[in-house]
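Participant: If you read the protein sequences in the order shown, they are chains D and A.
For the first sequence, our numbering assigns the number 1 to the initial residue and increments by one for each residue that follows.
For the second sequence, our numbering assigns the number 1001 to the initial residue and increments by one for each residue that follows.
These are calculated hints, taken from the structure and not from any lab test.
Treat the hints with care, since some could be wrong.
[Claimed, not checked] A partial selection of chain A residues facing chain D, derived with a Cβ cut-off under 10 Å:
1. Ala1013
2. Gly1015
3. Ile1047
4. Ala1092
[Stated by the list, open to error] Far from chain A, some chain D residues (derived; all Cβ distances over 12 Å):
5. Glu72
6. Pro75
7. Val112
Heads up, the beta-carbon is just placed ideally off N, CA and C, and yes, glycines get one too.
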Amino acid sequence: NAGVTQTPKFQVLKTGQSMTLQCAQDMNHEYMSWYRQDPGMGLRLIHYSVGAGITDQGEVPNGYNVSRSTTEDFPLRLLSAAPSQTSVYFCASTKGTIAEAFFGQGTRLTVV
Amino acid sequence: DAKTTQPTSMDCAEGRAANLPCNHSTISGNEYVYWYRQIHSQGPQYIIHGLKNNETNEMASLIITEDRKSSTLILPHATLRDTAVYYCIVRARDDKIIFGKGTRLHILP
């Protein structure tokens, strides 16, 4: 099993550009989440999904869209990148309702 | 808002037990206590979780007070590789996982 795979690992965007951060898991987990982590801070929840076709907002959803058409994939879309979205983005997946979460290695995004 | 309070940072000598406290005075009866850690800039790593009883696994022990208002994560023999930020999280079944600021643990050689 590869676990949780995030691509790309690094990305530089210009203000106003759009892009999609990819997240895939091969563990058949129902729950998937996206977090952002700014320098020296804890993780903040952006969006999450409890299964294919179901998504909901987290703590900081503005400026981001998600969809969950398959169990394996949970892409995060930045519609119009802003410098305030410069951060490290982590994707996580969980099997069941109380099991532990597995995290990807992160995508480091810089918006200039 | 995070439902837990943790010290900002702690030091522990290598080879000694590291005891990390967590306050969760408003915990509900159906909420579990989870611990994760984040080493440098890697993705967080699950350590342990519990509801009422103390729990132990190959990484750590979790001691939850009888009133469940606080808990302690114990790393029995800390090594330099245990230097990390440790997050205590309270969540119910089906709940989102919300991180607080965590405790930065420094293991001193």
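Participant: Of all the hints given earlier, name the ones this structure violates by number, lowest first.
Facilitator: 1 and 2
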